[in-house]
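Student: Next come the chains, spelled out residue by residue.
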Amino acid sequence: MSKDWKSELTGLERLAALLRDDGLDIDSMNEQDLARYLKENKVDIAKLQQRFDDLLKKARARLRLESARQRRLQVETKVEALMSAAPATIESIRKKVHSMIERLRQNDPEQAKLYARQFEKATPEDLALLERDLMFLEMESGENDKADQQNQS
Amino acid sequence: MSTLGSDKEGSCDARVPLSGKQLEAAVLALETPAFREKLAARIMKLARQKGFHSPFDDEMNLPGGKSAGDLAGDIVEKALEGSYTWDYSKQPNFLYFCLSRAESILSNWLEKSERLETMSPLFEDDDASGEVGANPVNTATNRVDIYAILRWRDGGNLADQFLQDFALNLPDGSHEQLIVMAVHDDRECAGRKYCLSKLKISEGEYDAAIKRILRRLPAFRDEWIRENDVTPTDWEEAR
Chain A
1 MSKDWKSELT
11 GLERLAALLR
21 DDGLDIDSMN
31 EQDLARYLKE
41 NKVDIAKLQQ
51 RFDDLLKKAR
61 ARLRLESARQ
71 RRLQVETKVE
81 ALMSAAPATI
91 ESIRKKVHSM
101 IERLRQNDPE
111 QAKLYARQFE
121 KATPEDLALL
131 ERDLMFLEME
141 SGENDKADQQ
151 NQS
Chain B
1 MSTLGSDKEG
11 SCDARVPLSG
21 KQLEAAVLAL
31 ETPAFREKLA
41 ARIMKLARQK
51 GFHSPFDDEM
61 NLPGGKSAGD
71 LAGDIVEKAL
81 EGSYTWDYSK
91 QPNFLYFCLS
101 RAESILSNWL
111 EKSERLETMS
121 PLFEDDDASG
131 EVGANPVNTA
141 TNRVDIYAIL
151 RWRDGGNLAD
161 QFLQDFALNL
171 PDGSHEQLIV
181 MAVHDDRECA
191 GRKYCLSKLK
201 ISEGEYDAAI
211 KRILRRLPAF
221 RDEWIRENDV
231 TPTDWEEAR
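Just so you know, the protein sequences line up as chains A and B, in that order.
Using my numbering, read the first sequence as starting at 1 and increasing by one per residue.
Using my numbering, read the second sequence as starting at 1 and increasing by one per residue.
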């Protein structure tokens, strides 16, 4: 409201403004009062609600996507840090991957079966990749659980 | 309010949908009970204050045949998709940000309407639709809308003449005549509160006079149009 718009109105526009000034304080009205007020003033409430519901749905979806991307980045960073902090022998990686597959079996037997097949045929290079994948999977599932708990609370 | 945000339409900046804190704040605001109703009602009030609600019609049509609810939806949609620059550090409240955009859009509509004397169409961005087109007033206003004719003809002189004639037509010394005269003479007199204190009449007397004005206006308009030979072609002339 930087300009004094009143002084720019013609006389008839000022009369128009005056005739429609009901003196009501919008900020002090509750949802029902506002809906009634808009209805009385011929605003299509159902259309308004539908449009805002759609907009909110889209905005929430974008927010969820954004936070999922954020979590993924955090997990990736953690995995990278762990991998580079503790260089391990082939045998220790093999043991670690095996136990991770066992843990996975408890939650998702089908996926665990797939990893187990890869594990059997894995070369030392494959093992390192498998370890990375499984670590990522475990952390991401942990982060998702945390996010779900936060959303529920 | 123009410092709180600005349009990106027509500029080289790519539109970047809201994200991070801004998106969170917008979602939170949209989830607030009565947000949409409050925004629509505030826009309706703002548009009325700017003279968009014709004194001759019950319903207010904004340019393009939009309602206050439509404009509220347009603003939120465009804000979410990043058509406006939201300076979150200056205005973290999404409702107020949307209202600042409404204020800007309504002012732009008025300014564009005032350029009706132009003989060539102006090509520019439309705040509401985001599309580039000829001066939107050409299509946004009903050509046979007498209020529009009065508002824009001769830079509003026709409207002033109408108002003067209307005041003289009202019973001498009546509250309704006092109100119309006050509106005619005083540029500040565009709101109930100001008018009440200026005229020093009771709220009851004021409300009754406003009702009488509203009842009398349509008949006077028809009579005045006949006597002054104002036709839809005046709209063409005004353009």
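Take the hints with a grain of salt, since some may be wrong.
Stated by the list, open to error - Listed below are the simulated SDA-like cross-link pairs for lysine to any residue, each with C-alpha atoms no more than 25 Å apart in a straight line: (1) A:6 - B:28; (2) A:78 - B:96; (3) A:6 - B:177; (4) B:45 - A:45; (5) B:45 - A:78; (6) A:96 - A:72; (7) B:21 - A:71; (8) B:200 - A:72; (9) A:42 - B:95; (10) A:146 - B:20; (11) B:112 - B:92; (12) A:6 - B:175; (13) A:6 - B:21; (14) B:21 - A:54; (15) B:21 - A:60; (16) A:58 - B:211; (17) A:39 - B:32; (18) B:211 - A:141.
Said to hold, decoys possible - These stretches of chain A come out as covered by chain B in the derived footprint (C-beta under 8 Å, 3 or more residues): (19) 44-54; (20) 59-73.
None of these hints come from the bench; they were simulated from the model.
Don't be surprised by glycine CBs; every beta carbon is placed ideally from N, CA and C.
Student: Give a verdict on every hint.
Tutor: How the hints compare with the structure:
1. A:6 - B:28: Violated. Residue 6 of chain A to residue 28 of chain B sits at ~34 Å, over the 25 Å cutoff.
2. A:78 - B:96: 40 Å, violated
3. A:6 - B:177: 21 Å, holds
4. B:45 - A:45: 16 Å, holds
5. B:45 - A:78: 53 Å, violated
6. A:96 - A:72: 22 Å, holds
7. B:21 - A:71: Answer holds: residue 21 of chain B to residue 71 of chain A is near 16 Å, not above 25 Å.
8. B:200 - A:72: 67 Å, violated
9. A:42 - B:95: 22 Å, holds
10. A:146 - B:20: 20 Å, holds
11. B:112 - B:92: Violated, at roughly 30 Å.
12. A:6 - B:175: Between residue 6 of chain A and residue 175 of chain B the Cα gap is close to 22 Å, so the pair holds against 25 Å.
13. A:6 - B:21: With Cα atoms ~36 Å apart, residue 6 of chain A and residue 21 of chain B exceed 25 Å; violated.
14. B:21 - A:54: 21 Å, holds
15. B:21 - A:60: 13 Å, holds
16. A:58 - B:211: 44 Å, violated
17. A:39 - B:32: Holds, at roughly 20 Å.
18. B:211 - A:141: 66 Å, violated
19. 44-54: Holds: 7 residues of the segment 44-54 of chain A have a Cβ under 8 Å from chain B.
20. 59-73: Coverage by chain B holds here, the residue count being 5 at a Cβ distance below 8 Å.
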